[in-house]
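Asks: Sequence:
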Amino acid sequence: MADTTPCDEPPRGRRGLGPGRSRGRGRWLGARAVGVAALLALALTAAACGGDDDDASGDGGAPKGSLTIADAGFTESKILADMYGELLTKAGYTVERTSVSSTEIAQSSLESGQIDVMPQYVATYADLLNSLVNGKDAPAVSSSDLDASVAALRELATGKGLTVLDPADAVDQNAFAVTKDFATEHNLKTLSDLGASGLEVKIAATAECPTRPFCQPGLEETYGIKISEVLATGFDTAQTKAAVRDGTAQLGLVATTDATVEDYNLVILTDDKKLQNADNLVPIVNSDSLTPEISSALNALAPVLTTADLAELNKKVDADRERSSDVAKEYLRSKNLLA
Numbered sequence: 044m045a046d047t048t049p050c051d052e053p054p055r056g057r058r059g060l061g062p063g064r065s066r067g068r069g070r071w072l073g074a075r076a077v078g079v080a081a082l083l084a085l086a087l088t089a090a091a092c093g094g095d096d097d098d099a100s101g102d103g104g105a106p107k108g109s110l111t112i113a114d115a116g117f118t119e120s121k122i123l124a125d126m127y128g129e130l131l132t133k134a135g136y137t138v139e140r141t142s143v144s145s146t147e148i149a150q151s152s153l154e155s156g157q158i159d160v161m162p163q164y165v166a167t168y169a170d171l172l173n174s175l176v177n178g179k180d181a182p183a184v185s186s187s188d189l190d191a192s193v194a195a196l197r198e199l200a201t202g203k204g205l206t207v208l209d210p211a212d213a214v215d216q217n218a219f220a221v222t223k224d225f226a227t228e229h230n231l232k233t234l235s236d237l238g239a240s241g242l243e244v245k246i247a248a249t250a251e252c253p254t255r256p257f258c259q260p261g262l263e264e265t266y267g268i269k270i271s272e273v274l275a276t277g278f279d280t281a282q283t284k285a286a287v288r289d290g291t292a293q294l295g296l297v298a299t300t301d302a303t304v305e306d307y308n309l310v311i312l313t314d315d316k317k318l319q320n321a322d323n324l325v326p327i328v329n330s331d332s333l334t335p336e337i338s339s340a341l342n343a344l345a346p347v348l349t350t351a352d353l354a355e356l357n358k359k360v361d362a363d364r365e366r367s368s369d370v371a372k373e374y375l376r377s378k379n380l381l382a
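The numbering of the sequence shown is this note's numbering, which starts it at 44 and goes up by one.
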């Protein structure tokens, strides 16, 4: 069912991503039918989270219409959806905000037009749509190549009545961190450096890491990293980062958009051989709702938002307990995207 947490309440914690292709950002739950009660809850949540009518006319004079913008129920998605809302309000639309933590409800609602706009991740969403269109055993269409992944996503989305706008420079991927001291001692800047060092390491990660291609198998096959043990501490958790900081593990599975990594005296090793897929943030829009004004407003964010920016925005919400809506508005103003 739709998340009925008030829209201005700070989200509680980060989302749980894993080292697989579908990484927990609203994981696909199967092809169950969407219940009437669930969709009713979605509609009620959207109404409760409506935008500020005083600003609805934006730069465009009279309001152009109403748009429902959804997030997937975790911090990063909320921040992006709030940014989209601000940009579209400025463009003259009345915006309603909702939060939908179920991927199947979100997908059905995007296709039906109950949701007009939602942030997604290029590679993860391409593989989701691929599984819906071609079956769960279909070969992956995503890769570390952003342009190729976007092209595949756009082709799949078109058949679902959806349009993929410009992806942001910001990318949320699995990443692997070591302590700054460990990196300095062994002259490590990249995962290739770690592989070439011949060092044997323990990795703090998810319990699934030994079988996921983007975790242990990929590290061993792509980089030649010697992993002696996997400690099941979770993805990008405090326990994972503490295990690396304290020396229980030498390598930890984190996220590229986690700004708290430095708080643990850790540094991310560059994925120089591009093991991870291109999970750049991207707006998905119901094609029947799309206008040139919507495209222009949302595409303005794409070249501005960086991975480092997004990490800091996540930190402001998760660590500093600021509201995602306030963080989004402040950021857009700092980049001259709002008046």
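Hints may be right or wrong, so weigh each one.
[What the hints assert, rightly or not] PhoX-like cross-link-like pairs, simulated, lysine-lysine; straight-line CA separation at most 25 Å:
1) K245 / K133
2) K245 / K269
3) K358 / K378
4) K107 / K223
5) K223 / K245
6) K179 / K232
7) K107 / K316
8) K203 / K223
9) K223 / K133
10) K269 / K232
11) K232 / K133
12) K372 / K133
13) K232 / K203
14) K245 / K316
15) K133 / K378
16) K269 / K203
17) K232 / K358
18) K232 / K245
19) K269 / K317
20) K223 / K358
21) K107 / K133
22) K269 / K223
Keep in mind the hints are simulated off the structure, nothing from the lab.
Asks: Please go over all the hints and tell whether each is borne out by the structure.
Replies: So, going through the hints one by one against the coordinates:
Between K245 and K133 the CA atoms are separated by roughly 50 Å; this puts the pair beyond 25 Å, and the hint is violated. In summary, the hint linking K245 to K269 is supported, as the alpha carbons are separated by about 9 Å, within the 25 Å threshold. Taking the CA atoms of K358 and K378, the gap is near 18 Å; set against the 25 Å cutoff, the hint holds. In summary, the hint linking K107 to K223 is not supported, as the alpha carbons are separated by about 52 Å, beyond the 25 Å threshold.
For the proposed pair K223 and K245, the alpha carbon gap of about 16 Å is at most 25 Å, so the pair holds. A hinted pair counts as satisfied when its Cα atoms are at most 25 Å apart, and K179 with K232 does not qualify at roughly 37 Å. Taking the CA atoms of K107 and K316, the gap is near 46 Å; set against the 25 Å cutoff, the hint is violated. Distance restraint check for K203 and K223: the Cα-Cα separation of roughly 46 Å exceeds the 25 Å cut-off, and the hinted pair is therefore not satisfied.
A distance of roughly 43 Å separates the Cα atoms of K223 and K133; the hinted pair therefore is violated under the 25 Å criterion. Under the criterion of a C-alpha separation no larger than 25 Å, the hint pairing K269 with K232 is consistent with the structure, at around 17 Å. Restraint check: the Cα-Cα separation between K232 and K133 comes to about 42 Å, which exceeds 25 Å; the hinted pair is violated. Proximity of K372 to K133 is assessed by CA-CA distance (about 11 Å); at most 25 Å being required, the pair is judged to hold.
Between K232 and K203, the direct Cα distance comes to roughly 42 Å. Violation of the 25 Å bound is thereby established for this hinted pair. The suggested pairing of K245 with K316 holds, with an alpha-carbon distance near 21 Å, which does not exceed 25 Å. For a cut-off of 25 Å, the pair hint linking K133 to K378 stands: about 14 Å separates their Cα positions. Taking the CA atoms of K269 and K203, the gap is about 43 Å. The hint is violated against a cut of 25 Å.
Of the pairs offered as hints, the one joining K232 and K358 holds, with about 24 Å between alpha carbons and a cut-off of 25 Å not exceeded. A distance of roughly 18 Å separates the Cα atoms of K232 and K245; the hinted pair therefore holds under the 25 Å criterion. The hinted pair formed by K269 and K317 meets the criterion: a straight-line CA distance of about 18 Å does not exceed 25 Å. Only pairs whose Cα atoms come within 25 Å are accepted, and K223 paired with K358 is accepted, the gap being roughly 20 Å.
With a C-alpha separation of about 11 Å, the suggested pairing of K107 with K133 holds against the 25 Å cut-off. Between K269 and K223, the direct Cα distance comes to roughly 20 Å. Compliance with the 25 Å bound is thereby established for this hinted pair.
Checked against the numbered hints above, the structure breaks hints 1, 4, 6, 7, 8, 9, 11, 13 and 16 and satisfies the rest.
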